[in-house]
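Student: Each chain is listed here by its residues.
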Amino acid sequence: MKRIPHIKFLIAGGLIVGTICFLMFSGIDNAMVYYYTVSEVQSQGKQLAGRGIRISGHVQPGSIEKADDGTHVDFRVYEKQTGRTVLVSYAGLIPDTFKDDAEVVVEGIFDPGDPSFNATTLLAKCPSKYEGKGDQHPENLPVDQVSSAQ
Amino acid sequence: MIELGRYSIFASMLLCAYGLCAAFWGGKKGSLPLVRSAENAVLANFSLLTVVSISLFYLLLEDVFVVQYVANYSAADMPWYYKFTAFWGGQKGSLLLWSLVLAVFSMIVVVQNKQKNRALMPYTVFNLMIVMFFFSLLLNFATNPFETLDRVPVDGQGLNPLLQNVYMIIHPPILFLGYVGLAVPFAFSMAALMGGRIDTAWIQTTRRWALLSWIFLTAGFTLGGRWAYEELGWGGYWAWDPVENASFMPWLVVTAFLHSIMITEKKWMLKLWNFILIVLAFELSIFGTFITRSGVISSVHSFALSNLGPFFVVFLFLTTAFALFWIIYRSNELRSELRMRSFLSREATFLLNNWLFVSICFAVFWGTVFPILSELFMGEKISVTAPFFNQVNWPLGLGLLILTGVCPLIAWRKASWRNFRRNFLNPLAVGLIVLIGLVILGMRNWIALAFFASSGFVLMTLILEFYRGARARQHIRPSGFLVALKDLTLMNKRRYGGFIVHAGAVFAFIGIIASSFFSVDETFTVRKGEVFRISGYELRFNELKQRRDPEKDVVFADLSLLRGGEQYGALYPQKDFHHKSEQPATEVAIRSQPHEDLYVVLSGWEEDGAVTLHVFVNPLVQMIWIGVGIMVLGGIFVMFPDRKPASVPVARQRNSAVRAGSGGVKKTVLEES
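Protein chains in written order, with my numbering: chain A, 1 to 150; chain B, 151 to 823.
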């Protein structure tokens, strides 16, 4: 068996690996979402401009203001430890589990010029049932997931 | 029953510990009595786990709420079948189910191989028992389903309403059958390495297990997708969620494995690669169980990290190190004697197909664990969203689709121009016709065009393959065309069943592409009697109604489908308010037709009786379910043993195999030499 085909295949393999790396690295930039806490968003402010970010916290009781059409909602996300809040504005399908004190995750592009954070994704988890019960948590329960980008 | 379950689960752990020691020493010393004893331990363990599982079923059905698991996942007024399925509604029960399935599979392996594969069996039993032992450790010390509460609650909390659905009754067990099925080929492969028996015996023994596992994984994650589609109400079926990815990754690798072992059986190449693939598939199935059951990645779950993490990490690490050690130790024996000669050969295209499957798996893995990696190495938790997965995977998926057409037809060793012309000219023409036709019809999305044209190409190659095979068969044994087609398919189930799977995959591809690129959705807020339109449908909202069922209150919108003002159908999107749970559940109304689904979600209502509806029109979604159904049936078909051809002389057999240009003959010594 000649040596040459071996090299040929190595080159081919290299090309394929290269293509895949390229696909992965070019794809990842637009799809990255940074996780921040409410206080991090407040303290870092402008540095986060234009980034996709994800904030998790709880819905401040009494802060939910739904628009008449039922697809737009303004509310405050608060952080249990510090009590800090951030105003969120979301347009899209509102999950069934979204209510006062529910654990929520909001995602969107951060715009420091806007007084409220415009979320394109809102994930919510029912507040009372599972919290603080350690391993009783229903691990693979799919959260009620809704995204207006869909 | 609680005590019975608890003691049996403990006894099972001890038994596994004994079994794995006995199997190991039995294998090392070549002592048959020890090995038989280990095999008996497998059988006894199966009985014990049956007792454990029956105990849990009993506790669930009898509403014994002093058991924490029962109190958490069941409730007195749940129908019996949901009490039954509450068995796998949570972590503890699911892990018990895992163990039960493994015990059943191990038992089958022992019974099947009472006389066969005696050289492989000791270490196979050893490997199976190690996995079994790990899960019984978990069940005893980390996540015991028989733990009791100090205070007996009056009633249980009930199964999450989202899981009270027919798909959720069958989806988890099916997926688990797929995951656990991978443990068997893994055990055999490691036994082959440990015993230094690097022939194809382990592959031939476990090929059906890998296939069985593939069938269950395919059905499993598709049912999951279908559940999401009907139950979660966001209009799609796949969101690249970590839990979904967890079931997709082992599937990708085991699919690659099923292809690569063909090359090994026929060409005695890719020996090392098979071992790598099966180890990878097994580790991914454990990893899948882990992320599904521990919530380590999904951020919404992060507030309740379970205590299972360290156990799984250690187990994954140890088993991978163990496997790698043996692969490296035997690496000299695993070299191929044959080298690839040309890119344009079946070997090379199969290898490329394998690389693509593994690449997709790697990209999905990377995206899935990215939050963990970024937190470890960059100090920031960053997740990647669906666009990443779509962007990386569509070119790879397109490559796979095209290879589906190319691989089975291209010649071994090196394709000639003649081979090319004979096999690919017509299919290429069909692909081109599809392309031109769609462009004329106004389709301009070039990704979709590429996929549809390739689908046309692949379907034509498949049709040609069946046609030519049947013609060749008619040549050997004159008969009607359909009879020849039937005989051909029945006599070579692996090859033609494989083609059936491919056809199903093409249909699924078409459905996925159509529904991802050409779906339409709009939100409507409408008052009583108002008519609204979306992509050719005319709907009227009649009224918002309420109904009281025994276990839930239902609010639903009464919608009429109109054509020229006449009603021809009705849709009732609804929200359920289960009495047990504070969480309402959306029930989507779907009107399915072969060409598209009309999908209506009731998203909210106002006090004045106006409702907000999110309406989707999703083209060709049915095609996905049908395509996957065909894939599963094709897989089952391949499982059946081949009918032996009625003593055709060897010379003719060789001729016909050459003519069909296929691997129709068992060993390729004929072509090789």
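It cannot be assumed that every hint is accurate.
In the PhoX-like style, the derived pairs of lysine-lysine whose C-alpha atoms are separated by at most 25 Å in a straight line are [stated by the list, open to error]:
1) B:K695 to A:K99
2) B:K643 to A:K99
3) B:K178 to B:K416
4) B:K416 to B:K643
5) B:K564 to B:K702
6) B:K702 to B:K730
7) B:K179 to B:K416
8) B:K266 to B:K702
9) A:K46 to A:K8
10) B:K178 to B:K264
11) A:K99 to B:K264
12) A:K99 to A:K80
13) B:K643 to B:K695
14) A:K46 to A:K66
15) B:K643 to B:K702
16) B:K564 to A:K80
17) B:K678 to B:K695
18) B:K678 to A:K66
19) A:K80 to A:K46
20) A:K46 to B:K531
21) A:K8 to B:K178
22) A:K8 to B:K695
23) B:K695 to A:K66
24) B:K730 to B:K643
Among chain B residues calculated to face chain A with C-beta under 7 Å, some are [said to hold, decoys possible]:
25) M490
26) L494
27) W505
28) K531
29) S533
30) P537
31) F538
32) Q541
33) T673
34) V676
35) T736
36) A739
37) T762
Just so you know, the hints here were simulated from the structure itself, not pulled from any lab data.
Being a predicted model, the structure only gives us computed values, none of them experimental.
Virtual Cβ for every residue (Gly too), placed ideally from N, Cα, C.
Student: Broken hints, numbered, in rising order?
Tutor: 2, 3, 5, 7, 8, 9, 11, 13, 14, 15, 16, 21, 22, 24, 26, 34 and 36
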